[in-house]
Amino acid sequence: MPAEFYYGVEVFLNGLMAGVMYSLVALGFVLIFKASGIFNYAQGIMALFAALTLVGFQEGQIPFSHLINAIFGTELHHFGWHMPAFFAILAALVIMIIFAWLVEKLILQHLVNQEPIILFMATIGLAYFMEGFGDLMWGSNVKKLDIGIPQGGNFWIEESTAFLGGPDFYGFYLDTLDIYATFIAAALVIALVIFSQYTKTGRALRAVADDHQAALSVGISLRAIWVIVWAIAGFVALVAGIMWGAKSGVQFSLSLIALKALPVLMLGGFTSIPGAIIGGLIIGVGEKMFEFLIGAPLLGGATENWFAYMVALVFLVFRPQGLFGEKIIERV
Amino acid sequence: MFYREAGEFKTSYRADQQTFPIGLDKLGFYTSLLIAFVVIPLTMSEYWAQAVFLPFLIFGIAAIGLNILTGYCGQVSLGSGGFMAVGAYACYKLMTAFPDMNILICVLLSGGVTAFVGLIFGLPSLRIKGFYLAVATLAAQFFLVWLFNKVGWFYNYSASGQITAPERTLFGYVITGAKAETLPIYFVCLGLLVFLAVIARNLTRGAMGRKWMAIRDMDIAAEIIGVNPLMAKLTAFAISSFYVGISGALLFALYLGAVEVGEAFSIQKSFLILFMIIIGGLGSIFGSLVGAAFMIAMPVILKNLLVTSLGWPGDIAAHLEFMIVGLMIIVFLILEPHGLAMLWRIIKEKLRIWPFSH
Amino acid sequence: MKLRNALIAAFTGVCVATPVLADLVFPALTYRTGAYAVSGIPQADGYSDYFTMLNERDGGIGGEPIKVVECETQYNTEKGVECYEKTKGLGALVYQPMSTGITYQLIPKASADGIPIHSMGYGRTSAANGKVFPYVFNYPANYWNGASAVVNHILELNGGNIKGKKIALVYHNSGYGKEPIRTLEELSAKHGFDLTLLPVDHPGQEQKSQWLQIRRERPDYVTMWGWGVMNQVAIQEAANIRYPMENFIGIWWSGSENDVIPAGDAADGYKALALHAPGMDFPLFDDMKKHVYDKGMAAGAGDQIGTILYNRGMFQAILAAEAVKVAQKMSGKADITAAEMRVGMENLKVDQAMFSNLGLPNFAPNLSVSCDNHGGAGLVAVQQWDAKAKTWSLVSDFKPTDMDVINKLITEDSSAYAKENNITPKCL
Chain A
381 MPAEFYYGVE VFLNGLMAGV MYSLVALGFV LIFKASGIFN YAQGIMALFA
431 ALTLVGFQEG QIPFSHLINA IFGTELHHFG WHMPAFFAIL AALVIMIIFA
481 WLVEKLILQH LVNQEPIILF MATIGLAYFM EGFGDLMWGS NVKKLDIGIP
531 QGGNFWIEES TAFLGGPDFY GFYLDTLDIY ATFIAAALVI ALVIFSQYTK
581 TGRALRAVAD DHQAALSVGI SLRAIWVIVW AIAGFVALVA GIMWGAKSGV
631 QFSLSLIALK ALPVLMLGGF TSIPGAIIGG LIIGVGEKMF EFLIGAPLLG
681 GATENWFAYM VALVFLVFRP QGLFGEKIIE RV
Chain B
3 MFYREAGEFK TSYRADQQTF PIGLDKLGFY TSLLIAFVVI PLTMSEYWAQ
53 AVFLPFLIFG IAAIGLNILT GYCGQVSLGS GGFMAVGAYA CYKLMTAFPD
103 MNILICVLLS GGVTAFVGLI FGLPSLRIKG FYLAVATLAA QFFLVWLFNK
153 VGWFYNYSAS GQITAPERTL FGYVITGAKA ETLPIYFVCL GLLVFLAVIA
203 RNLTRGAMGR KWMAIRDMDI AAEIIGVNPL MAKLTAFAIS SFYVGISGAL
253 LFALYLGAVE VGEAFSIQKS FLILFMIIIG GLGSIFGSLV GAAFMIAMPV
303 ILKNLLVTSL GWPGDIAAHL EFMIVGLMII VFLILEPHGL AMLWRIIKEK
353 LRIWPFSH
Chain C
385 MKLRNALIAA FTGVCVATPV LADLVFPALT YRTGAYAVSG IPQADGYSDY
435 FTMLNERDGG IGGEPIKVVE CETQYNTEKG VECYEKTKGL GALVYQPMST
485 GITYQLIPKA SADGIPIHSM GYGRTSAANG KVFPYVFNYP ANYWNGASAV
535 VNHILELNGG NIKGKKIALV YHNSGYGKEP IRTLEELSAK HGFDLTLLPV
585 DHPGQEQKSQ WLQIRRERPD YVTMWGWGVM NQVAIQEAAN IRYPMENFIG
635 IWWSGSENDV IPAGDAADGY KALALHAPGM DFPLFDDMKK HVYDKGMAAG
685 AGDQIGTILY NRGMFQAILA AEAVKVAQKM SGKADITAAE MRVGMENLKV
735 DQAMFSNLGL PNFAPNLSVS CDNHGGAGLV AVQQWDAKAK TWSLVSDFKP
785 TDMDVINKLI TEDSSAYAKE NNITPKCL
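Residue numbers (this note's numbering), protein chains in the order written: chain A, 381 to 712; chain B, 3 to 360; chain C, 385 to 812.
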């Protein structure tokens, strides 16, 4: 059946797009894990917090207005101005850099040389804190995020491909937002690669990723690097927050996208940026195709969540360090 | 001065090998049992029983279970929520399929079923290690929740997929269903917790525990000196899941009474139990209980303090609650990364040498 | 303000939250944080604002002041139990758990404690059988009425014949979302339409697969049982695939402003079921403004007034307040107990004269509760979203639903419950 086949292709394409969105989240994890060996559970909350901050600035919301109103009995809500998207993004970025600095200063600095599980726990504590803090600062109602990226099916693609599969085929459906996300993700990755390959800081980053102690001994400030890495991860979180926030509005559930990134990380390896991208694509395509071919017709649907993990699990059994992870060498 | 390890003389191997060789420890153990079995039941109010003590006892069992796996055997698991669901649904199926079966047997059998499921999901641990394993256990979490939500047989095809515990009695007391009384439930949970904790304590200091710890410290080295990693890891998974399953069965049958899998056994539960053992202290039964107490009681106490005593609006209090719990986790990790159990060890040390500094 | 007073009180060492037991106590299990806060906030505001208004305007009900005790559940069942235990000792009259999960938890507990539960438009559907569930009420309509109302609306649009039509159900993959399936299956057998089931996992951020499937299969109608962020994403995705919005009908929990506004103009024409009228075109809101808002006593941020879910919260409060009046009349005293409240709820009769008296003419349909029927008449209307004017408006009357099918299912489910729990069905 040709129409069925083309729909399969459509699901495949949409899986790729979804994979890009997962990769965006996974990138933040990889950056931090590579540079400091921390599995940063708070990455999802960072995306939420960044998006909340962005919308807050755009709408001219007064931070902590709810708390202030409750204490002083005032009726504050908005400053009354609207910031253009571009400046709001810059302002949100500044906040994320400050955030990175604070995290290093207040948490990481005190936890140097701890076991990975302890650092992981610390980021969970951070996630808890940020969850309450973000809501307290900007309120927990849903916010519409609009920075001018068009949304909706791309009609041009739809109409120009409709002839392919006969009368039962309506053309390929691709979300314009997803197409933008793909380009933005590509630009982001290229920028990251250029940054890490051709700038001094980037080289320092890679040195730290290779060997902490050797990097320290040649005079690289580990703490400065950590701030930079967390700031970059904050920036990636902002981009992910914008993309996901535009889809569904900015609210608490946005932080749960971290759970979508975990199988991507397993598959791609915690230490590899290309791994995060390719892992994302595999997971995205895999779960969408499984839902299309087996999940929805045979198993009653909603299989995507566990299928992603199952793929990663089965994969890991054969390659325990992930697709691009560093080979695990064990010595007694 | 206050805590003396010296001056205890043992004349038999038996006396030397007992669980609490030091007199003061033994005293402390029996005192806490006395408090738990007599003082608390006499003094607790319905609210504190329901809000703190029952969840503490139930999650205490789960925390001990996860600590066996993560603290003693070094295998990080984020699938506890899913395993609790296995316990709960096994218990429900047993209760409805065999109405005459004693509820305690149901609960223990559900633990057995969970142990078997845990065994299966533990198999990949032979290949996958560290964080990769942690994330891999999430596969169990998501798959099990999906399964119980999807397959009607598990919830007896009820319209909404909720499972509701039918009424069962133990020694004439109603402990599940609508007419259940709090005090008998408390005693059942407490009895099980003490029983299971003692078993866990003895398991971990026996040959099996030593094998687990050898695997945790370095599995390759352990393998070389003759520990079978297959056996060690799988027994850890099975026994840990047994505990977690019992906890899930209790949570459903005795505490909540009605359960919906996606909500009650979500990934949040897995994280909660992991928090408990890390805050409490990895590789310590005492730590598991302290951690459970902390994670259960802390939000309730904060809520009471902020909302009831200070009269703050519930939502602001809830936000602050999150912030404070998060901060406390971070502060604890910075001050004492090895958990509250380590803190207790340090205190003991201080008490021993007091009033001198060395 | 409350907070400042409280701070002062705390500094002077006074505990302010000691309950006055003589008040009419209404615990409100709210969720202003967490994944479903979006939907929880307006409801909670509406519920407590109405009682505040009664206190300010009338000094309570029948001269007896009202005390609303809010307790934050975060839509979490364990927190719900904690809240229940915390508030039940204060002399709670009726519980509105505002969550299907928590309702299931509280049904056995509250029945044992003799405190009524009112789960309005959610919770356990078969609780409509008051003989098995004497303490649980779910009037004015339940999920199965909703399922039937959707089908009835589609029947109406097609002149009564929907044989061979395709209807897809997009549902939250939880107990709540699964509720309508049995009813829809029965109705599908009766009317001969094809039913496609499309589950969406919590929280519903990702629905691409489901909507691609809808795009492929082109069902004639799509109906939705969604909650929280799932609603917004679904409406957005429907708009993205250019699904005709007037053929997309949500349950009453999928039809608030928060759900449609993010999709912008594309959401125009989206339909949802309604238990009550939308908007603020009622004299009552003048009182609300005067006695609550102008005095700065509004709950929450005070920006939700007039939204669908705010009205829903208010409607819950109104029905509770009317039941109190019935109970006061029947018991002959102002300070009623939970048991008397239960009797009041069971004898509640609501008609248009009453709504006019309240300043809410034509706000909701007539309602009468009895021991046999705790679910009310099951009258449901359809409302439609106008994206230009940003308003919901009713496009149909409150119409009856297919009680033949529903009553059969209710009897079946409640008798199964009665058997499992050794309950002999009887009126209290």
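Calculated from the structure, these hints are not laboratory results. Note that the structure is predicted; figures quoted are calculated from it, not measured. Ideal placement from N, C-alpha and C gives every residue a C-beta, glycine not left out. Incorrect hints may appear among the rest.
[Said to hold, decoys possible] So the derived list for chain A, only partly shown, Cβ under 8 Å to chain B, looks like this:
hint : residue
1    : 441
2    : 442
3    : 445
4    : 447
5    : 492
6    : 515
7    : 563
8    : 639
[As the list claims (entries may be wrong)] Listed below are the simulated SDA-like cross-link pairs for lysine to any residue, each with C-alpha atoms no more than 20 Å apart in a straight line:
hint : chain 1 : residue 1 : chain 2 : residue 2
9    : B       : 95        : C       : 811
10   : A       : 485       : B       : 158
11   : B       : 95        : C       : 772
12   : A       : 524       : C       : 811
13   : B       : 181       : C       : 807
14   : A       : 524       : C       : 515
15   : B       : 181       : C       : 770
16   : A       : 707       : B       : 95
17   : B       : 28        : B       : 288
18   : B       : 131       : A       : 453
19   : C       : 515       : B       : 95
20   : C       : 803       : B       : 158
21   : C       : 674       : A       : 707
22   : A       : 485       : B       : 326
23   : B       : 181       : C       : 515
24   : B       : 131       : A       : 524
Results of checking the hints against the structure:
1. 441: violated (16 Å)
2. 442: violated (15 Å)
3. 445: This hint is violated: residue 445 (chain A) lies away from chain B, its Cβ roughly 12 Å from the closest one there, beyond 8 Å.
4. 447: holds (6 Å)
5. 492: At about 11 Å, which exceeds the 8 Å cut-off, the nearest Cβ of chain B leaves the hint on residue 492 (chain A) violated.
6. 515: holds (5 Å)
7. 563: violated (29 Å)
8. 639: Constraint on residue 639 (chain A) satisfied, holds at 7 Å.
9. B:95 <-> C:811: violated (31 Å)
10. A:485 <-> B:158: Since the Cα atoms of residue 485 (chain A) and residue 158 (chain B) sit roughly 54 Å apart, the hinted pair is violated (cutoff 20 Å).
11. B:95 <-> C:772: violated (53 Å)
12. A:524 <-> C:811: violated (50 Å)
13. B:181 <-> C:807: Satisfied, since the Cα-Cα distance of roughly 11 Å is no more than 20 Å.
14. A:524 <-> C:515: The hint is violated at about 47 Å.
15. B:181 <-> C:770: Measuring from Cα to Cα gives roughly 50 Å; hence the hint is violated.
16. A:707 <-> B:95: Status violated; Cα separation ~45 Å.
17. B:28 <-> B:288: holds (14 Å)
18. B:131 <-> A:453: Violated: residue 131 (chain B) and residue 453 (chain A) sit about 54 Å apart, past 20 Å.
19. C:515 <-> B:95: violated (27 Å)
20. C:803 <-> B:158: With a Cα-Cα distance of about 14 Å, the restraint between residue 803 (chain C) and residue 158 (chain B) holds, given a limit of 20 Å.
21. C:674 <-> A:707: Roughly 71 Å between the alpha carbons, so the hint for residue 674 (chain C) and residue 707 (chain A) is violated.
22. A:485 <-> B:326: Holds - the C-alpha atoms of residue 326 (chain B) and residue 485 (chain A) are around 19 Å apart, at most 20 Å.
23. B:181 <-> C:515: Measuring from Cα to Cα gives roughly 17 Å; hence the hint holds.
24. B:131 <-> A:524: It is violated: about 41 Å lies between the C-alpha atoms, which goes past 20 Å.
In this structure, the earlier hints numbered 1, 2, 3, 5, 7, 9, 10, 11, 12, 14, 15, 16, 18, 19, 21, 24 are contradicted, and the remaining ones agree with it.
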